[in-house]
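Peer 1: Residues per chain are reported as follows:
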Amino acid sequence: MVDYPGVVKPPFRLSMLVYDRRYRSLTIQAVVFILVMLVAGWLVDNTLRNLAIMGKTFSFDFLFRRAGYDIPQQLIPYNSDDTHLRALVVGLLNTLQVSILGCISATVLGVVVGVLRLSSNWLIARLMTVYVEVFRNIPLLLWILVILAIFTEIMPPPNAYRGDNPQAGMLFFDLIAPTNRYTAIPTLGMTNPPGTIALGREGISWAFVAYAVAIIAALTIRYFVLRRAKRLQDETGRRPTTWWINLAILLVPLALLTWHFGLHLIAPVMRGFNFVGGINLSNSFVVLWLALTLYTGAFIAEIVRAGILSVSRGQSEAAAALGLRPGRTMSLVILPQALRVIIPPLISQYLNLTKNSSLAIAVGFMDLRGTLGGTTLNQTGREMECMVLLMGIYLLLSLLISGGMNIFNSRVKLKER
Amino acid sequence: MKKFAFFGTVAAMALAATGALAAEGDTLKEVKARGVLNCGVNTGLIGFAAPDANGNWSGFDIAYCKAVAAAVLGDPTKIKFVPTTGQTRFTALSSGEVDILARNSTWTFQRDTDLKLDFVGVNYYDGQGFMVRKDLGVSSAKELDGATVCIQTGTTTELNLADYFKANGMTYQPVNIDSNAEGEQQYMAKACDAYTTDASGLAATRASFADPENHIILPEIISKEPLGPAVRHGDNNWGDIARWTLFALIAAEEYGVTSANIDELAKSSTNPEVQRLLGTTDDLGKMIGLDAEWAKRAIKAGGNYGEIFAATIGEQTPIGLARGLNAQWTQGGLMYAMPFR
Numbered sequence: 001m002v003d004y005p006g007v008v009k010p011p012f013r014l015s016m017l018v019y020d021r022r023y024r025s026l027t028i029q030a031v032v033f034i035l036v037m038l039v040a041g042w043l044v045d046n047t048l049r050n051l052a053i054m055g056k057t058f059s060f061d062f063l064f065r066r067a068g069y070d071i072p073q074q075l076i077p078y079n080s081d082d083t084h085l086r087a088l089v090v091g092l093l094n095t096l097q098v099s100i101l102g103c104i105s106a107t108v109l110g111v112v113v114g115v116l117r118l119s120s121n122w123l124i125a126r127l128m129t130v131y132v133e134v135f136r137n138i139p140l141l142l143w144i145l146v147i148l149a150i151f152t153e154i155m156p157p158p159n160a161y162r163g164d165n166p167q168a169g170m171l172f173f174d175l176i177a178p179t180n181r182y183t184a185i186p187t188l189g190m191t192n193p194p195g196t197i198a199l200g201r202e203g204i205s206w207a208f209v210a211y212a213v214a215i216i217a218a219l220t221i222r223y224f225v226l227r228r229a230k231r232l233q234d235e236t237g238r239r240p241t242t243w244w245i246n247l248a249i250l251l252v253p254l255a256l257l258t259w260h261f262g263l264h265l266i267a268p269v270m271r272g273f274n275f276v277g278g279i280n281l282s283n284s285f286v287v288l289w290l291a292l293t294l295y296t297g298a299f300i301a302e303i304v305r306a307g308i309l310s311v312s313r314g315q316s317e318a319a320a321a322l323g324l325r326p327g328r329t330m331s332l333v334i335l336p337q338a339l340r341v342i343i344p345p346l347i348s349q350y351l352n353l354t355k356n357s358s359l360a361i362a363v364g365f366m367d368l369r370g371t372l373g374g375t376t377l378n379q380t381g382r383e384m385e386c387m388v389l390l391m392g393i394y395l396l397l398s399l400l401i402s403g404g405m406n407i408f409n410s411r412v413k414l415k416e417r
Numbered sequence: 001m002k003k004f005a006f007f008g009t010v011a012a013m014a015l016a017a018t019g020a021l022a023a024e025g026d027t028l029k030e031v032k033a034r035g036v037l038n039c040g041v042n043t044g045l046i047g048f049a050a051p052d053a054n055g056n057w058s059g060f061d062i063a064y065c066k067a068v069a070a071a072v073l074g075d076p077t078k079i080k081f082v083p084t085t086g087q088t089r090f091t092a093l094s095s096g097e098v099d100i101l102a103r104n105s106t107w108t109f110q111r112d113t114d115l116k117l118d119f120v121g122v123n124y125y126d127g128q129g130f131m132v133r134k135d136l137g138v139s140s141a142k143e144l145d146g147a148t149v150c151i152q153t154g155t156t157t158e159l160n161l162a163d164y165f166k167a168n169g170m171t172y173q174p175v176n177i178d179s180n181a182e183g184e185q186q187y188m189a190k191a192c193d194a195y196t197t198d199a200s201g202l203a204a205t206r207a208s209f210a211d212p213e214n215h216i217i218l219p220e221i222i223s224k225e226p227l228g229p230a231v232r233h234g235d236n237n238w239g240d241i242a243r244w245t246l247f248a249l250i251a252a253e254e255y256g257v258t259s260a261n262i263d264e265l266a267k268s269s270t271n272p273e274v275q276r277l278l279g280t281t282d283d284l285g286k287m288i289g290l291d292a293e294w295a296k297r298a299i300k301a302g303g304n305y306g307e308i309f310a311a312t313i314g315e316q317t318p319i320g321l322a323r324g325l326n327a328q329w330t331q332g333g334l335m336y337a338m339p340f341r
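If you read the sequences in order, they're chains A and B.
Heads up, the first sequence is in UniProt numbering, so the first residue is 1 and it goes up one at a time.
Heads up, the second sequence is in UniProt numbering, so the first residue is 1 and it goes up one at a time.
Read the hints as simulated data drawn from the structure, not as lab findings.
Quick reminder that beta carbons are idealized off the backbone N, C-alpha and C, glycines included.
It is possible that part of the hints are untrue.
Computed list of lysine-lysine pairs in DSBU-like fashion (alpha-carbon distance at most 30 Å, straight line) [stated by the list, open to error]:
1) B:K142 <-> B:K116
2) A:K56 <-> B:K29
3) B:K190 <-> B:K224
4) B:K116 <-> A:K56
5) A:K56 <-> B:K142
6) B:K190 <-> A:K56
7) B:K166 <-> B:K80
8) A:K56 <-> B:K224
Chain A stretches covered by chain B per the calculated footprint, using a threshold of three residues with CB under 8 Å from any CB of chain B [what the hints assert, rightly or not]:
9) 65 to 77
10) 268 to 275
11) 373 to 384
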């Protein structure tokens, strides 16, 4: 408000809070704020009072008591003697595992389908439309249950692999055995192991460190090789061949390491009730991962399609005029420009996928919801604490994903000049 | 004006919710005012609690609920059965969604104290067992090393299973399931080698199979599972009603009071204990806020303990459970009703 000299401001009266446009919005905000706080305060007060009446206290002590139950899928060592806190961490890692893998595979699938849906090939474009519409419009839980039923009913039980004349045969030179509980895949073994670095209850093999160093070194050398190639190209106009050098500096050390450690595959064998010796990739994980990928992939495909359509036709015509092939037009011209339309809605799809992973309990995959929000909650009876903790962790997870993706977005989005 | 009306509605809703959420107090008064008993039961376990094709519930736990409804409301049909899973049952009880929980729940220290429940007695002494297919060639639970085991999550059996395999130096792969129906499906699809739950539950589950003869229940019983009805901690009178209704059913069997002869005995019996039980002399019902004939109605609803057992899970039924530990104390069992005096 500007004060004009000579204009007398009317004296403030209480009724102006309602009738004066200058004050009314403040009044409404104040009233709404007070009401919101009252409702929130009442909710907290009511909860505390009812907890007190039931004689329950609000405490997180239970997290440090013995859990007593087993978890089928674990990324860190865990047994029934560990605390509920460790069970929580095991569940959280399972959630992260399926979410991260799900986000990666859903993105790959979504980009491929989104691009193919715009294909000039009538059949491929229609097939992709069918996929998108079918997966997008049926609830995720149903897909999870359907895929689980397919896995459970169609795959043979481990028993079928038993005996001299088994009903089911293993695939890929007797290395892989799909069953209705898990898929048994081979694990890596070493005839000449270099020892491990002790790290809590788990150890990291020196072999792993050696491979990591070899790969990082190869990538570093590759960087210098490419720089030299670019320099020579700039100077002489002829680019030296680099692919075999890069391949050699990556593969030769890896081959030497493999020969040195005696790295080989250990095939799973049927012993007793189940396959042992290899890695048993549980169906509950595969089913959940597959369902999340297919479901979210359909949404991402639509986002990618919208992004591509948002790039003006002139861009691809210009690229064609420069003589770029269609594949390179897509990867060098269209997609980079489409990304600024694609990334923001993609973030919310990643968040959805992470939160949807809590449907894991439907297939018995013990994610955070299964351990903390399921068995721990049940065995300790601490509903309030478990739910608060569960919501807090999911909230934090979502904020982290969204924060990270926003940073990524600000780096890839077109710099407007 | 509209805005004020809106704020008024919000305020009224808040006040109303305060009243509704204060679920504390006199359960007996609430049930009588409501005219319906909310009883938490299993989602479906043949013999114990399962709905038939017409949606009528029947079973061992159902019969107990009916007895309580008959004692309190005078009509065994005035019940709303609330199906609960192993995960939701105790929350349903402590939140006031159900008045009483009769759902094959094991009486343990922690549930009785920390979960703020009161178990009112034991209506079935059980223990945890394993069921496997005959063609697996397993005859003892000790041979289950490395097996995949289906287990209902949120149960005591989950903890017993972990303890048992650990104590015997064996490993296993758990398959977590949410309900008996899901367990049955996974077990039938051979997604697990063994299914573990209370031995009575195994017998009931096996009875529902198309080929029960191809499955065996292993001889090992790895835990004590005293199953009984539970109420919320704190409402002692309601707890008394639940406890003494159970005792009335058990005592009735001990004194030979059946649903067939109860009217006659009420008139003619000279046994003072029976007279007190049936309210002919001494008004015991008044002491728990009910009328004199509460126990008579409870027994009439589905018969005495022995009748209920025989009709729902006994040896003449497909489930075929022997009385065993659940025989009267006079027959060498553990069923022992405190004196009605």
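Peer 1: For every hint, state whether the structure bears it out.
Peer 2: Okay, the hints, checked on the actual structure:
no., hint, result
1, B:K142 <-> B:K116, "violated, 36 Å"
2, A:K56 <-> B:K29, "holds, 24 Å"
3, B:K190 <-> B:K224, "holds, 28 Å"
4, B:K116 <-> A:K56, "holds, 8 Å"
5, A:K56 <-> B:K142, "violated, 40 Å"
6, B:K190 <-> A:K56, "violated, 42 Å"
7, B:K166 <-> B:K80, "violated, 42 Å"
8, A:K56 <-> B:K224, "holds, 27 Å"
9, 65 to 77, "holds (count 5)"
10, 268 to 275, "holds (count 4)"
11, 373 to 384, "holds (count 8)"
Checked against the numbered hints above, the structure breaks hints 1, 5, 6, 7 and satisfies the rest.
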